[in-house]
Amino acid sequence: MTGDPTHAPAGTLHSSSGVSAFTGRPFVLLTWSGSSGQLTPDEARTLALDIIAAADAAETDAHVLEVLKRLHVDEDARARFLLAIRERRGQS
1 MTGDPTHAPA
11 GTLHSSSGVS
21 AFTGRPFVLL
31 TWSGSSGQLT
41 PDEARTLALD
51 IIAAADAAET
61 DAHVLEVLKR
71 LHVDEDARAR
81 FLLAIRERRG
91 QS
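The sequence shown begins at 1 in my numbering and counts up one residue at a time.
Incorrect hints may have been included.
[What the hints assert, rightly or not] In the DMTMM-like style, the derived pairs of lysine to aspartate or glutamate whose C-alpha atoms are separated by at most 25 angstroms in a straight line are:
hint, residue 1, residue 2
1, Lys69, Asp56
2, Lys69, Glu59
3, Lys69, Glu87
No wet-lab data here; the hints were simulated from the structure.
Construct all of the structure, not just a fragment, from the sequences and the given hints.
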């Protein structure tokens, strides 16, 4: 979420753009629960794409598990199946 972090609920992630007064280089400021950090624009883009990929994977995992549950696949087998999918996509 972008905008003014002082007017948002606690735990909300905020991003804003900036330019260093010392170097003139651009940066992205991330603020979350009173902590903040700076990323280069490339780092921010990479993080944003990683977050989008994780969100897509989470939704896919939920859909797959729901289908397996409707097919009466037992919980242990569902967990093993999900683990296999995550390993294949490169996450555990």
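Verification of the supplied hints:
{"no.": "1", "hint": "Lys69 x Asp56", "result": "holds, 20 angstroms"}
{"no.": "2", "hint": "Lys69 x Glu59", "result": "holds, 15 angstroms"}
{"no.": "3", "hint": "Lys69 x Glu87", "result": "holds, 21 angstroms"}
Every hint from the earlier list agrees with this structure, and none is contradicted.
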